[in-house]
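Asker: Chain by chain, the residues:
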Amino acid sequence: EAGVAQSPRYKIIEKRQSVAFWCNPISGHATLYWYQQILGQGPKLLIQFQNNGVVDDSQLPKDRFSAERLKGVDSTLKIQPAKLEDSAVYLCASSLATGLGGYTFGSGTRLTVV
Amino acid sequence: AQTVTQSQPEMSVQEAETVTLSCTYDTSESDYYLFWYKQPPSRQMILVIRQEAYKQQNATENRFSVNFQKAAKSFSLKISDSQLGDAAMYFCAYVNDKIIFGKGTRLHILP
Numbered sequence: 003e004a005g006v007a008q009s010p011r012y013k014i015i016e017k018r019q020s021v022a023f024w025c026n027p028i029s030g031h032a033t034l035y036w037y038q039q040i041l042g043q044g045p046k047l048l049i050q051f052q053n054n055g056v057v058d059d060s061q062l063p064k065d066r067f068s069a070e071r072l073k074g075v076d077s078t079l080k081i082q083p084a085k086l087e088d089s090a091v092y093l094c095a096s097s098l099a100t101g102l103g104g105y106t107f108g109s110g111t112r113l114t115v116v
Numbered sequence: 004a005q006t007v008t009q010s011q012p013e014m015s016v017q018e019a020e021t022v023t024l025s026c027t028y029d030t031s032e033s034d035y036y037l038f039w040y041k042q043p044p045s046r047q048m049i050l051v052i053r054q055e056a057y058k059q060q061n062a063t064e065n066r067f068s069v070n071f072q073k074a075a076k077s078f079s080l081k082i083s084d085s086q087l088g089d090a091a092m093y094f095c096a097y098v099n100d101k102i103i104f105g106k107g108t109r110l111h112i113l114p
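Chains A and B, in that order, give the protein sequences.
Count along the first sequence from 1, add 2, and you get the number used in this note's numbering.
Count along the second sequence from 1, add 3, and you get the number used in this note's numbering.
No lab work stands behind these hints, which were simulated from the structure alone.
All values reported here derive from a predicted model rather than from experimental measurement.
For glycine and all other residues, C-beta sits at the position ideal for the given N, C-alpha and C.
Check the hints yourself; a few may be wrong.
[To be verified] Cβ-Cβ distance ranges computed for the label pairs, FRET-style:
| # | chain 1 | residue 1 | chain 2 | residue 2 | range |
| --- | --- | --- | --- | --- | --- |
| 1 | B | Lys101 | A | Ser9 | 24 to 30 angstroms |
| 2 | A | Pro10 | B | Lys73 | 40 to 46 angstroms |
| 3 | A | Lys85 | B | Lys101 | 22 to 28 angstroms |
| 4 | A | Val56 | B | Gln72 | 34 to 40 angstroms |
| 5 | B | Ile49 | A | Trp24 | 19 to 25 angstroms |
[What the hints assert, rightly or not] From chain B, some residues computed to sit far from chain A (all C-beta separations above 10 angstroms):
| # | residue |
| --- | --- |
| 6 | Ser10 |
| 7 | Val16 |
| 8 | Ala19 |
| 9 | Glu20 |
| 10 | Thr27 |
| 11 | Gln47 |
| 12 | Arg53 |
| 13 | Gln59 |
| 14 | Arg66 |
| 15 | Ser68 |
| 16 | Ala74 |
| 17 | Asp84 |
| 18 | Ala91 |
| 19 | Ala96 |
| 20 | Gly107 |
| 21 | His111 |
Based on the provided sequences and hints, a complete structural model is requested.
Answerer: Right under this line is the structure:
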């Protein structure tokens, strides 16, 4: 089966600019996750979707981050305006409904804010 | 709140030898899953092994096995016959309604 697709692979922007990341999960996976992984740390959940509804966005900085999954398939994560501390790898993952069978991750987008 | 602790930021092992990565976690739940993920330089998180908390038997996948001590809330990963391709970051993860990762252990394989 095809994996979780993410684009772009790399992005460099100046602070205060905006950026968007795209994720296409595995076909049939109802649950989609966006994680932020700062260098030297484990991934931190930003937002979790179940189909096109938000399940958990408690750690999403809503003043600058937004995400959508309008048709319950692919998803976009946006940052506007970006700050230096947003430099990180943004990972997308998908799973069947509960996630207990394991998560499949994409290769991530490495964002550098200068 | 659930937490996952990996106390070894880095470890090294000689090729063909055995290495054990440590992980402890804290939870008040009785039903959950524990995972070990491998993250090579390509950044993609790869599931190595999975353990259901209700199972007493330790999970095994080829050269990878775990030592799951539920009462002690410990979940260590043993890699036997280490290979150069095992070099990566390894993350321990706790899963209940969401997944929580530890900070990772960087494993070096010495030829």
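Asker: Are all C-beta atoms of chain A more than 10 angstroms from that of B/His111?
Answerer: holds (16 angstroms)
Asker: Taking the closest pair, is the beta carbon of B/Arg53 still more than 10 angstroms from chain A?
Answerer: Contrary to the label, B/Arg53 does not stay out of reach of chain A, its closest Cβ about 6 angstroms off (not over 10 angstroms).
Asker: Test the statement that B/Ala19 is away from the interface with chain A: the closest C-beta pair must be farther apart than 10 angstroms.
Answerer: holds (29 angstroms)
Asker: Just tell me: holds or violated, for the beta carbon distance of B/Ile49 and A/Trp24 against 19 to 25 angstroms?
Answerer: Distance hint for B/Ile49, A/Trp24 holds at roughly 22 angstroms.
Asker: Please verify that the nearest CB of chain A lies beyond 10 angstroms from B/Ser68's CB.
Answerer: holds (17 angstroms)
Asker: Has the hinted range 34 to 40 angstroms been met by the Cβ atoms of A/Val56 and B/Gln72?
Answerer: holds (36 angstroms)
Asker: If I take the minimum Cβ distance from B/Ala91 to any residue of chain A, is it greater than 10 angstroms?
Answerer: holds (13 angstroms)
Asker: Taking C-beta pairs only, is B/Asp84 more than 10 angstroms away from all of chain A?
Answerer: About 24 angstroms separates B/Asp84 from the closest Cβ of chain A, which puts it past 10 angstroms; holds.
Asker: Would B/Gln47 pass as off the interface with chain A, using Cβ distances and a cut of 10 angstroms?
Answerer: Violated, because the least Cβ-Cβ distance between B/Gln47 and chain A comes to about 5 angstroms, which does not exceed 10 angstroms.
Asker: Could you let me know if the closest chain A CB is still more than 10 angstroms away from the CB of B/Ala74?
Answerer: holds (22 angstroms)
Asker: Against chain A, does B/Ala96 hold up as non-interface, every C-beta pair farther apart than 10 angstroms?
Answerer: violated (8 angstroms)
Asker: Beyond 10 angstroms on every Cβ pair: is that true for B/Arg66 relative to chain A?
Answerer: The claim stands: B/Arg66 keeps its Cβ more than 10 angstroms from every Cβ of chain A (closest is about 19 angstroms).
The earlier numbered hints that this structure contradicts are 11, 12, 19, 20.
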